[in-house]
Amino acid sequence: DGGITQSPKYLFRKEGQNVTLSCEQNLNHDAMYWYRQDPGQGLRLIYYSQIVNDFQKGDIAEGYSVSREKKESFPLTVTSAQKNPTAFYLCASSGTRTDTQYFGPGTRLTVL
Amino acid sequence: RKEVEQDPGPFNVPEGATVAFNCTYSNSASQSFFWYRQDCRKEPKLLMSVYSSGNEDGRFTAQLNRASQYISLLIRDSKLSDSATYLCVVNFYGGGGFKTIFGAGTRLFVKA
Chain U
112 DGGITQSPKY LFRKEGQNVT LSCEQNLNHD AMYWYRQDPG QGLRLIYYSQ IVNDFQKGDI
172 AEGYSVSREK KESFPLTVTS AQKNPTAFYL CASSGTRTDT QYFGPGTRLT VL
Chain C
87 RKEVEQDPGP FNVPEGATVA FNCTYSNSAS QSFFWYRQDC RKEPKLLMSV YSSGNEDGRF
147 TAQLNRASQY ISLLIRDSKL SDSATYLCVV NFYGGGGFKT IFGAGTRLFV KA
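Residue numbers (my numbering), protein chains in the order written: chain U, 112 to 223; chain C, 87 to 198.
To be clear, the hints were calculated from the coordinates, so they are not data collected in a lab.
Quick caveat, the model's predicted, so the values are computed rather than measured.
One thing to keep in mind: the hints can contain errors.
Once the Cα atoms are required to be at most 27 Å apart in a straight line, the calculated BS3-like pairs of lysine-lysine come out as [claimed, not checked]:
1) C:K185 with U:K168
2) C:K165 with U:K194
3) C:K185 with C:K88
Negatives, chain U to chain C, calculated, CB over 12 Å [stated by the list, open to error]:
4) N129
5) T131
6) Q148
7) L154
8) R155
9) Q167
10) K168
11) E173
12) T188
13) A192
Beta carbons: idealized from backbone N, C-alpha and C, even for Gly.
Isolated chain U (complex conformation):
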């Protein structure tokens, strides 16, 4: 089955710790994205990548980092510098930057 997977589904972290969220796709899409969703707000773009070994900051990149070493994978690290990391994190992919985006099931991160 083709699709986008994210793991874990739920993640708990203590303050001051870095944590990495996984995103994998087997759709052969070039572009991948990370969004954050908070209650009552629209999705906000954290980072995106249009091609392997390249990525760009989105609107709220501070406190986050990414890598794109393989076409299929786009992991997101939430660092201790992120002031308010508790949120629902969604990974998406699209054929190219301008194509329709499809989402993974999300990771719900809670900082204790």
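With chain U held as given, fit chain C onto it using these hints.
Same frame as chain U, but now just chain C:
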């Protein structure tokens, strides 16, 4: 002014009712438009694209009004399973390149 605005609702309607949502956008150069559906604590899923000529998919009709800069979604004969949050999405080329903006969503509750 937000780039994409939606009435947050909630819209509470009985089964069988017809309900319509609007979404306004501020960038007149916006190029493509979509409606996504998001169930509680799940990822957004593409519902339909919105074309200039309007388009219909079963009980769902999407329309675009470029002059007034809004898109609409009409749901006829509402079902309990239509209860969800509906996100409008607008793509455009801005100063920083291609952008995808998600609205915060309109919540719909269909009651028996």
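Hints, one by one, checked against the model:
{"no.": "1", "hint": "C:K185 with U:K168", "result": "holds, 12 Å"}
{"no.": "2", "hint": "C:K165 with U:K194", "result": "violated, 41 Å"}
{"no.": "3", "hint": "C:K185 with C:K88", "result": "holds, 14 Å"}
{"no.": "4", "hint": "N129", "result": "holds, 24 Å"}
{"no.": "5", "hint": "T131", "result": "holds, 19 Å"}
{"no.": "6", "hint": "Q148", "result": "violated, 9 Å"}
{"no.": "7", "hint": "L154", "result": "violated, 4 Å"}
{"no.": "8", "hint": "R155", "result": "violated, 8 Å"}
{"no.": "9", "hint": "Q167", "result": "violated, 8 Å"}
{"no.": "10", "hint": "K168", "result": "violated, 10 Å"}
{"no.": "11", "hint": "E173", "result": "holds, 16 Å"}
{"no.": "12", "hint": "T188", "result": "holds, 21 Å"}
{"no.": "13", "hint": "A192", "result": "holds, 23 Å"}
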